[in-house]
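> Residue numbers (numbering that gives the first Met the number 0), protein chains in the order written: chain Y, 0 to 487; chain G, 0 to 284.
Take these hints with a grain of salt, some might be off.
[Claimed, not checked] Derived CB-CB ranges, DEER-like:
1) ARG254/G <-> ALA12/Y: 28 to 34 Å
2) GLN283/Y <-> LEU266/G: 31 to 37 Å
3) GLY231/G <-> GLN283/Y: 53 to 59 Å
4) GLN103/G <-> MET309/Y: 55 to 61 Å
5) LEU328/Y <-> ILE284/G: 54 to 60 Å
6) ASP134/G <-> ALA12/Y: 53 to 59 Å
7) ASP356/Y <-> ARG254/G: 36 to 42 Å
Calculated from the structure, these hints are not laboratory results. We put the beta carbon where it would ideally sit given N, CA and C, even for glycine.
As a plain string of letters, each chain reads:
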Amino acid sequence: MQNFAVRQRGDVASSFEYVEGWGMAIGAHARVLRPRSTEEILRAFELARRDGVSLALRGGGNSYGDASVNERGYVLDISRMDRVLAFDRESGVVVAEPGVTIEKLWKTILPHGFWPRVVSGTMFPTLAGALAANIHGKNNFAVGTIGDACREFDIVLPTGELRTCSRERNADLFHAAIGGFGLLGCFSRIVLETKHIYSGNVRVRGISTRNLREMMQYFEANKTRADYLVGWIDCFPGGDDSGRGLIHDAEYLKPGEDAHPEDTLRIAHQELPANIMGLFPKSQVWRILSLFNTDLGMRSINAAKYVAGMLEGLGEPYLQSHAGFSFLLDYVPNWKWAYGRQRVDRGLIQYQPFVPDAVAHEVHTELLARCRKVGQVPYLGVFKRHRPDPFWLTHAVDGWSFALDFKVTPTRRAQLWKLCDELTEVVIAAGGRFYFAKDAVVAAEDTARFLPHDKLAAFAKLKRACDPETLLDGNLYRRAFRDWLVAS
Amino acid sequence: MSHATESAPHAHPEAAGDQHAAAHEPRDSTPSTKRARERRAIVVGASSGIGEALVRQLCAEGVDVVALARRRERLEELALSCGGSAGRVIPCAHDVSDFAAVPQLFEALVRELGGLDLFVFASGLMTEVGPNEFDTAKDLEMLAVNLGGCVAWTNEVAKLFRTQRSGVIVGISSIAGERGRKGNPVYGTSKAAMNHYLEALRNRLADFDVHVCTIKPGFVETAMLAAARAQGRSIKGAITPEAAAKSILRAARARRNEVFVPFKWTLVAAVIRNIPSFLFKGMNI
């Protein structure tokens, strides 16, 4: 008689899959382990050790590049550990398992009048991934990164130890693991502070700007008042129009400004509609976008958006739900497929340099000019203001970032990587930094140039202590960390 | 034997070469044109009949094929006889009802092939069942191979194909799944269930550019047919496994959803499906 039981009790769920970065341009086949408890995280470590392979940690898989890809070993996917363990309705403090997504977090706390202090442009990252990447939002200039909102976490080290870390306790590990891209250990419990809000809406203004200078001036003039500031830039035109774009400026509503917060704080008020005009399913919109996914098509779409932005700029401020304002990347499901779904060598990369305030205008203008010169114009450009934070490998500077989405095709790829190498030289010479949740191109010698040497040496020391056999080691580590970690 | 040890996941990173190359030149360079001809295939149930013919045809076309079945000697003969072909034949002995072994074996085989573009499930067991026989052990064995084996393998394949957003799955079902006939209730059940499962997978995977093709053969000159003849049934008009394999690959490459092989069974099935039950009860088909 057949025995239909295929999994023994206590086994870590696993499957053999193609694991890729969010931008699809980098990926590899790998065994994916999906632990459901701290014990199973330990067992996943043991499995990799037993089989003599390395392990890369993965959350929602939303990093654009290779942060959670491992073509030479296993991948530990934390998304099954997704329970919210506690939520204090007075203080807004959340205790969660590491695989809880930003979506689950906001849906848990919003009805009680809270919103995450920091969210990314998509709601699908896990908290573990968000902490490991030390993500920021459109309010980085005002409130810092998600690390600044983290009160405490537990981390499982490859040595088998479980450490509780906070600013007071194991402070080194606290400041290194946040932004440490899963190279020191696997988060198993996360305590986050969230923000009290008085409405499910934010007040949004659109401001059309003719060039980068104008955009930066607006940010500077309004950054003490505004809660969120984000700039969209049309990267195509040169000359006087270079850097033209649209700013979205948003503020929380004050107590009493929303007459019916109980209505706007409902999850249903926040949900993005599944259909356009109630009819056309959004899940298929990427197919239409793919028709425009050429230089000419994107030039037209960017120009049309600029004109629409000018009209929006003439209008009055309007109210928009938190989710609607925050999660722009989720409006069109799988829009990235417009960049080509065929696996390998197709997709997009995002190149996002962070440049100090004093030279930001000059450097970002130079970057755009170089892209246009070689005919590899980013299809999307997003401009943000940042502030420094205390995390060791942080990308944040007192300055400005410019996120550039480049299309990758087999014919463009080599030239694009060369272009990025050139841009990287400009950025590093100017004292800029990069963000590994986005980056796919920076080499280890460049990492050693843009991160402070004392922090690198301290991180290397901690890596040796927490992970003496280098079990945690994925594509990102091998590309951008290993050489300097071994050297220091 | 090609699986397990030597095709285990790559050794520790220190053993391998240039890291930066990963970004520039992915090792796995699937052709970028849509619906490119497959280069790597796994055929489950390859030791005889349609499965064997598919292996021969694929490797003649230059496809590297894992030929998987219980009978090791048959597979080795097959690999030997395909020796001069353009593609490799990799024999692998495995009992499809050993469900727990499937995930690891599948991983090892895909690594051996360097990727996977086409998967065919052609294993099928039809045990002789008397007109008044209701034998649970026999029935469950058929379910284990025909349905359990299909689900255990195809689930693994589906996880891989979904995440890589490419691949074609072919399930060799049967005309026997169209109606609940008197002859062999559970064989028909296993095929009907397989049709349902494959259709559901097709719908699940459509958004990921993965295609699932259900093949419903009528009479094909296979061991199964020979066994039916041995029981005294007169069967005429059967096609060769080679002819069936040709039609099957054509259907899979054209991304057909459900195809009767040979074509005339499309009409037969249409008739059989529409016979009202009160008549069907009295018929001996």
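> For the range 54 to 60 Å, tell me whether the beta carbons of LEU328/Y and ILE284/G fit it or not.
Since LEU328/Y and ILE284/G have Cβ atoms about 57 Å apart, the given range 54 to 60 Å holds.
> CB of GLN103/G to CB of MET309/Y, is that within 55 to 61 Å?
With Cβ atoms ~59 Å apart, the hint holds.
> Check the following: the C-beta atoms of ASP134/G and ALA12/Y are separated by a distance inside 53 to 59 Å.
With a Cβ separation near 36 Å, ASP134/G and ALA12/Y fall outside 53 to 59 Å, so the hint is violated.
> Is 31 to 37 Å right for how far apart the beta carbons of GLN283/Y and LEU266/G are?
35 Å, holds
> Should the hint that GLY231/G and GLN283/Y are 53 to 59 Å apart at their CB atoms be regarded as holding?
55 Å, holds
> Does the beta carbon distance between ASP356/Y and ARG254/G stay inside 36 to 42 Å, or does it fall outside?
Given a distance of about 55 Å, which is not inside 36 to 42 Å, the answer is violated.
> For ARG254/G and ALA12/Y, compare the CB-CB distance with the range 28 to 34 Å and indicate the outcome.
At 32 Å between Cβs, range holds.
Of the numbered hints given earlier, the model fails hints 6 and 7; all others are met.
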